[in-house]
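Top to bottom, those sequences are chains A, B, C and D.
Quick note, the first sequence lines up with residues 44 to 401 if you use the numbering used here.
Quick note, the second sequence lines up with residues 3 to 296 if you use the numbering used here.
Quick note, the third sequence lines up with residues 1236 to 1488 if you use the numbering used here.
Quick note, the fourth sequence lines up with residues 60 to 482 if you use the numbering used here.
Everything labelled a hint here was simulated from the structure, so no lab data went into it.
Restricting the straight-line Cα-Cα distance to at most 27 Å, the calculated cross-link-like pairs of lysine-lysine (BS3-like) are:
(1) Lys1305(C) - Lys1290(C)
(2) Lys1290(C) - Lys243(B)
(3) Lys1306(C) - Lys187(A)
Pairwise CB distance ranges, derived in the manner of DEER restraints:
(4) Gly119(B) - Asp140(D): 17 to 25 Å
(5) Thr361(D) - Phe130(A): 48 to 56 Å
(6) Asp106(D) - Phe357(A): 25 to 33 Å
(7) Leu72(A) - Gly1366(C): 54 to 62 Å
(8) Pro1344(C) - Tyr152(A): 27 to 35 Å
(9) Trp348(A) - Cys104(D): 17 to 25 Å
(10) Ile146(A) - Arg283(B): 40 to 48 Å
(11) Ala79(B) - Glu363(D): 47 to 55 Å
A virtual CB, placed ideally from N, CA and C, is assigned to each residue, including glycine.
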Amino acid sequence: MSRFFATRAGVWSGFGAAALVLFGAAPLLLSGFRLGLLAQFLCYAIVAVGIGLAWGRGGMLTLGQGVFFGMGAYLMAMHMKMADAEFRNGHGAVPDFMELAGIRELPAYWVPFASPVFTIAMILVLPTGFAVLLGFAVFKRRVKGAYFAILSQALAGAFAILLIGQQSMGGFNGLSRFRYFFGYNLDDAVNQQMLYFIAAGVLLVVVAVALQLRRSRYGELLVAVRDAEERVRFLGYDAANIKVVAYAAAALFAAVAGAIFVPVVGIISPASIGIVPSIMFILGVAIGGRASLVGPVVGALAVAWAQTALSEQFPSAWTYAQGLLFIVVIALLPGGIASVAALTKRFQAKSATVEAAA
Amino acid sequence: MDLLVGQLFTGLSTGSILLLAALGLSLTFGQMGVINMAHGEFIMAGCYTAYVTQQVVGDAGVSLLIALPVGFLVGGAMGLVLEWLLVRHLYQRPLDTLLVTFGVGLVLQQVARDVFGAPAVNVTVPEFLRGGVDLLGTAVPKTRLFILALAVVAVTVVALVLRFTAAGRRIRAVVGNRDLAETAGISSRAVDAGTFFIGSGLAGVAGVALTLIGSTSPTTGQSYLVDAFLVVVAGGMGRIKGAVVAAVALGTFQAVFETYSTASLAKVGVFVVIVVFLQLRPQGLFTLRTRSLA
Amino acid sequence: MTTALTCTNIHVDFDGFKAVNGVDLTLDRGEVHFLIGPNGAGKTTLVDAVTGLAKYSGSVVKDGVELRGKKVHHIARRGIGRTFQTATVFEQLTVAQNLDIAAGAGRSPWSLLRRRTVLPDNVVAVLEQIGLAGQAQTPAGILAHGQKQWLEIGMLLVGDADVLLLDEPIAGMGHEERDTTGRLLHEIAETRAVAVVEHDMDFMRAFASRVTVLHAGAVLASGSVDEVSNDPRVQEVYLGASHEQEAIDAATA
Amino acid sequence: MPQRFTFHPRDLTRSLAATAAVTALALTSACGSRAGEETAAAESCVDTSGDTVKVGALNSLSGTMSISETTVRDAIYLAVDEINAAGGVQGKQIEIVAEDGASEPTVFAEKAEKLIREDCVAAVFGGWTSASRKAMLPVFEDNDSLLYYPVQYEGLEASENIFYTGATTNQQIIPALDYLAETGVKSLYLVGSDYVFPRTANAIINAYAADKGIEIVGEDYAQLGSVEFSTIVNQVSASGADAVFNTLNGDSNVAFFREYANVGLTAEQMPVMSVSIAEEEVGGIGIENIEGQLAAWNYYQTIESPANTTFVDAFKAEYGADRVTSDPMEAAYNSVYLWAATAEKAGSFDVADIQASADGVSFESPEGTVVIDGENHHVTKTARIGEIRADGLLYTVWESAGAIEPDPFLEGYEWAADLQVSE
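In isolation and in its complexed conformation, chain A is listed as follows (with noise of 0.2 Å):
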């Protein structure tokens, strides 16, 4: 099986497959309202194929993806909303929730957001940039392992906090309340279709970027790194470099996902970006399986459904199974569902092999 998906025809029907799935079938048999949802669990699972590459593949454990995340969802929001409120009271004019706030003036770094070139731009750049910098802060310096996962934490609380605080960026009660995108209303049943057709298109854009790293020279660079990462410098390479790429990388596909997150769930906030959610992204990665390429995609949407789907019937017993499979995959199956795949696979080569001999 896997040996099929490995060559190039392989590749092809994968993707085909996956995209009748989302493009044709998910379409025809889901509600409007399914339909979204499912769009919002596409978005964590572009998170999810960042943090397959950062952690599974280059062992860097990152607990803030959520400020990644926010990010991008943060700087669509404040496009949405100056385009709202432009589109209300003209140019120039302030966004509601500032007006409530007792903001009259808009703030001067909310200006330029009115463009939408230049909010995509932002949206691009800004993230991966900070990662980047981030990045060669500590990898340059050699934090990494639990250091780094501490230090990654510790950032997303300072981000949430940071974000509590600043009244002209919604503060605790974050932006909502969008009409348009990109001058589509956002009410209207089609465009919440558009929508997900966008969400769905980037996951298999972001995907097939993921599957070019992991098997460029880079991608084994970045496995080389992760299992010994002094040898790769005794060879030459700056290691921190190499880490970097896939941080940022993983940084722009939280960043985009946000940015698609906004006007598919009309909300954004503090909530949704902090300690707990950064950690809660890693829980669909981790089941899916970190290192393979489609296990974190599945992890993260099986994970967004059970939440949906148990929450409500037992909310006590939701947080309890949530911890257990924290404890239960990561301990007694690191390499998530992938991994289950590929034993059953080995123990029935075996079993070929024995009735062969036999």
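Dock chains B, C and D against chain A, hints included.
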């Protein structure tokens, strides 16, 4: 002037709280390299130990004195179970330990919620710790003085145990060189379990003490955990001395920064300071040098 | 025979403990140069210093360039390769991938982001040289112990290192493998300088072109195998020639 | 000769291009209405043809807010059970579809949409934090459905699709200030958690104080959930203010009042007026730390009226004698009755009919008569200042002269002109 004295004391006091919360971590994370995200829940267990003890005993003063050692045993016992069930199987996978113990923390929080209910419960402050004493014109709460004293005692005891007892020498030997310690006949299994017991027990003690100033609810431990980790990171692996200096420095920084700014910005400031600091000293304030390549 | 690396007056200080205390050392191309000495003599620390891992005072010059203060990967790019006491290879990757990574320290970002279609010629050549051509597609993690050591040496070769610092390259090898390794070292040394940190005296006698004995962080003696083993100070350190083997056992315990 | 590897495809440039093409194709075929164009309103799927009518209960059952919100849910269930026992609404039994908001705004938005579009409920009761309400608001507007929101909040909002049964600022904050001014308070210290309600409340307090000649000697915000109050209490203590106005939330209150008592500050020296501490919270803080302090609400369990006696008795009978009732619970209880009464008056469960008939609908509630204002969808409420006594309950020490008309935008207060926003 009053405010300045008050703030300096606050820095010291905040530092002592951080230190109390971080001391156990400094042992388990610093000495063993195990990142125990359930440490916060062990603190919470200490809080509820104080609550239950008070329900049983009645008198707030007596129950506090009983709860301190009981909290140590409760936290320590939970730590032993965790070590035996999960952590010892994961010594080669520190990042996985982090995630597994996070899961344990989630479960423990929910257990507390189901057993004690979600709202905060009240642990009465004993009569002799109510009110404040006058210090250079500022009222300093007795509870904070008590916690400060407790932190000093705890650090002293841990340092003495590490330095002068046979068990402490074994711990230091295993930290210094696990293989060599093994060949010298030290069971690193027993030492690991023992270290975890002491580290988690200290979390329990911290929990009991923190009921004097904070709330006792299922999420109590969470509020201390990240700060405590930052103390250990900034202080350097395996160094009690580093944890003490880092805790007091961070506490004072937070208190001073907060006076001139907001509490929220102070938190962000602490993070920035730590990242910058790690640029200068990536291994923390004080480091153990080893020849290993890890 | 040209000089590849010159170390002058190297000092390494670990919190007051002088691990290396004023060592001068010259490595020449065409030689297999053995560094021996009891445990704690400072052999590995000296290698750490030269390769940029440990801070030191003094001077290390390769081909006229001072290396002190340069970062680990910059020193490696200048053609100084090292191995570790326990063979460190990328266990999840195949032998060919290991060598390909080692060969590619100078690759452009663009070529890194593309897939490899053919193996570089030097990788193919080295696969033959280290005798692993048949195992090119085997994950390095399941190689035999000795094969991992060869692979690690091969990784230095494809990386065009011309000063090789090998830390106990025959640890755990059988007799036949040792001889193969020894011949390999001499083959490599034809155009390169090879330094070997070793405890095995038989191996040293069989293959050393030159020997430097370190003791307590300083050079005790240096010269040919015969010169060194006849040096009374060396015999003293090793408790006399007749007890040599026991001393080595004690030292390696 | 170079050895060939067995890997096959070169790279994925082409598959990337193909994916992009598919996406672009799907997008161009899927564009709907643009800004300014009318969108066809989502078809309501509410079905009341049977003998039941479905409503949603959306409260946090997990996460940090579950402490408070589960009590609100209990009150909603109590009201529904009572109404059903009395014959239902328009002869139909009310059926509750319950959802967990999980203390997260995004989950509130998601579940609200599910309740409306999948479960087809006629109205939704719930929400607590402003963040959750703000997250749900566009969902209710876009799908043209109804939310009954039962918690006091910061005002400056009036949605056609939300009924606000808790107090707005002129029914809680301003009366509390009036009370303090009456008792001779000349200087105030403001302490709050760092989020919208405290900031808006303090903006109002500042405007009020400027007008009435009260000095604001300090204003501090603690991070939500913070339990470190040493600095703030030091500053409060050093300020010598006549009173403290406290808008802290949750566990922070516990730490704040402990620190306050520990530095020796008492209700006699410097009273604290709190707007987020109800009967439920007093236990956790410890009565010895908070006895004698003040709170501002519209309802206390100790109110003596037949309607309240019935409510408290029924609640204790249902959920246990040790349970207490509080302001948000009462407001949630009222909200169900108000919805039922409006539906009876309208003779329909249709959103437009409910909106049209809401004005003037009243209910004899535990806090007194409450009447819906059809203009801003808030209700009239009597303001009460309560004192926390040794039994852990709050007792009315002052109450407004009659029910106060809701004024969410403070249009009736000249000193608040700067705070007003264009709706």
